[in-house]
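Novice: Here are the chains, one letter per residue:
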Amino acid sequence: MKTGKSRTEPIKRVQAVVVLLAVLVVLFPYVWVILSSLKTPSDLSDPKAVLFHPVLDNWINVLSGSIPENFANSLLVGFLTVAISALVGTPAAYSISQYKTGGRWTRFGILISEIVPSAVLVVPLFLIAYHMKLNGSLLPVVVAHLTFVLPVFTWFMISFFDGLPKDIESQAMVDAAAGLWRSGKWCCLKCCPGSEPPVYSALCFPGTICSTCLFWAARTQKRCRWRSQATILSAACCWGKCPWPSSSL
Amino acid sequence: MRKNKSSGGRRSVSLSLPYEWRMLLPLLIVMVAILAYPLLYSFWISFRNIEITKPHQNQFVGLVQYAKVWQDPAYWNVLKNTFGFVCMAVSMELVLGMILALCLKNMKRYRNVTRAILLTPMFITPIAVGLMFRYLLSTQLGLVPALLHLFGISIDFFSANMALFSLSMIDVWQWTPFMLLMLLAGLENLPEEPYEAARVDGAGSWYILTRITIPLMSPVMIVAVLIRALDAMKVFEYVYAITRGGPGTATETLQYYVYKTGFGYYNLSKASAVAWTVVIFVMIVLILILWRSTRGEQR
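One line per chain: the protein sequences are A and B, in this order.
Residue numbering for the first sequence follows the working numbering, beginning at 2 and increasing consecutively.
Residue numbering for the second sequence follows the working numbering, beginning at 147 and increasing consecutively.
Don't read these hints as lab results, they were simulated from the structure.
Note that the structure is a prediction, hence the values are computed from the model and not measured.
The beta carbon of each residue, even a glycine, is placed where N, CA and C say it ideally should be.
Watch out, some of these pointers could steer you wrong.
[To be verified] Lysine-lysine pairs mimicking DSS-like chemistry, simulated, CA-CA at most 27 Å apart:
| # | chain 1 | residue 1 | chain 2 | residue 2 |
| --- | --- | --- | --- | --- |
| 1 | B | 406 | B | 200 |
| 2 | B | 200 | B | 214 |
| 3 | B | 406 | B | 380 |
| 4 | B | 380 | B | 214 |
| 5 | A | 134 | B | 200 |
| 6 | B | 226 | B | 214 |
| 7 | B | 226 | B | 380 |
| 8 | A | 13 | B | 226 |
| 9 | A | 13 | B | 251 |
| 10 | B | 406 | B | 226 |
| 11 | B | 406 | A | 134 |
| 12 | B | 406 | B | 214 |
[Said to hold, decoys possible] The following residues of chain B were derived to be distant from chain A, with all beta-carbon distances above 10 Å:
| # | residue |
| --- | --- |
| 13 | 328 |
| 14 | 334 |
| 15 | 346 |
| 16 | 432 |
Construct the entire structure; sequences and hints are all you get.
Specialist: Below, the structure is given as structure tokens:
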């Protein structure tokens, strides 16, 4: 027993060191960005400076500029995308999970957009938006996000419904004595205490991807209103004055 | 418009459909409208000669665009860059993710905190990560070159030789957590019995790792690598935020090349053709992998 313990002890120590290193590597850029955001332009040229006179100018510039508006736009796009995905994807996922509708074809067909590089969809979506005189509005951005958020969301929900115990569902059916749709709803409500996390993660995950994808925004818009995500950090880092190439977006 | 029309037209049809298909119908309609239609449209565009700068030019030209792409040395350079990027990034991510997952699996103290911190990079917008590293690694403003300088090393991270490697390391910083997450989930679901048996037989840690853990983990690893590789192929943000394909064309990747052709040179048809070559390539690879894995299942 004792020998076993003494053999695993150094391994554990090495493991702890590795994890600690990884944590430091992850945190290092954050710390540096926060420090930089409090520096004046002249302090910035000395990247090693840790002690300096912090100024809030950059943050004030950022918050009084167009960032809050951009942020609101991002949130709106994220919200619309997730809402549509939830409305359309949830019943479909339930149907695929419980009734195996369409067999393997629907199950894996959904993931096709994950395979297709977004570059393929960029040109047609841009042209469609252009012909419908929609470029410059939020709608093409939402649609573009939907092309990959909706499949991911549905995929998440399928595995979530797959994991639901069957007896809860039959119990709900007895309880509700109602149609299948209602039992489906019931089953979600009943399982909620235990299954909130997957639902939340299913909702949050696309939400985060959603707010990330500059590619789409930049491409379908051809305008610089969509600098939002890009600017938040860059501006916070005080390069608001640097020529971040807004005109070329 | 298109969506409303089709859903209105199908309403009477939909009532006659079985219940489970009616639940699936909205998804199918939306997928056709936002995915299938644009995909086919893009395929159609790739056989024509649409350029934004020449609004009246719109003829069927057959495979001319594909031939142009095939003969374009820039295209092969882009493929080489993308392939290099994917290989460097994904292999590093797999190794680091596996090491970290093994370390985290048995960790008891600070378990949740470390996991939470390690997963954060995944949730930052790639464009912000790109900008962050653009300045962090910049020779004038960046801390990393400054620190390396203290040790007498001077590296220009965005020089022609290093830029692609630097970009892939940024990808590693951001996406190793994803690999870690998948591998950790895989590790925690492994059965205990083989390990107990091995320990009874007196197997060492290294032996257990190479003969039990890695073979048992290989399905998870394949899926994780596949997902990451497909995702890394779509790299755009880092290139766009940091190098814009430069220096020269050293870091032009597929997605960036499509963007440049389509929206820089306004040659929409050629951009579509390039994108479709990628789709075809990815499809072939995936079908091969799926075919092999289903054949394995049937045995």
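Novice: State for each hint whether it applies.
Specialist: Verification of the supplied hints:
{"no.": "1", "hint": "406(B) / 200(B)", "result": "holds, 17 Å"}
{"no.": "2", "hint": "200(B) / 214(B)", "result": "holds, 18 Å"}
{"no.": "3", "hint": "406(B) / 380(B)", "result": "holds, 14 Å"}
{"no.": "4", "hint": "380(B) / 214(B)", "result": "holds, 22 Å"}
{"no.": "5", "hint": "134(A) / 200(B)", "result": "holds, 19 Å"}
{"no.": "6", "hint": "226(B) / 214(B)", "result": "holds, 18 Å"}
{"no.": "7", "hint": "226(B) / 380(B)", "result": "holds, 14 Å"}
{"no.": "8", "hint": "13(A) / 226(B)", "result": "violated, 41 Å"}
{"no.": "9", "hint": "13(A) / 251(B)", "result": "holds, 11 Å"}
{"no.": "10", "hint": "406(B) / 226(B)", "result": "holds, 17 Å"}
{"no.": "11", "hint": "406(B) / 134(A)", "result": "holds, 23 Å"}
{"no.": "12", "hint": "406(B) / 214(B)", "result": "holds, 16 Å"}
{"no.": "13", "hint": "328", "result": "holds, 13 Å"}
{"no.": "14", "hint": "334", "result": "holds, 16 Å"}
{"no.": "15", "hint": "346", "result": "holds, 12 Å"}
{"no.": "16", "hint": "432", "result": "violated, 6 Å"}
Of the numbered hints given earlier, the model fails hints 8, 16; all others are met.
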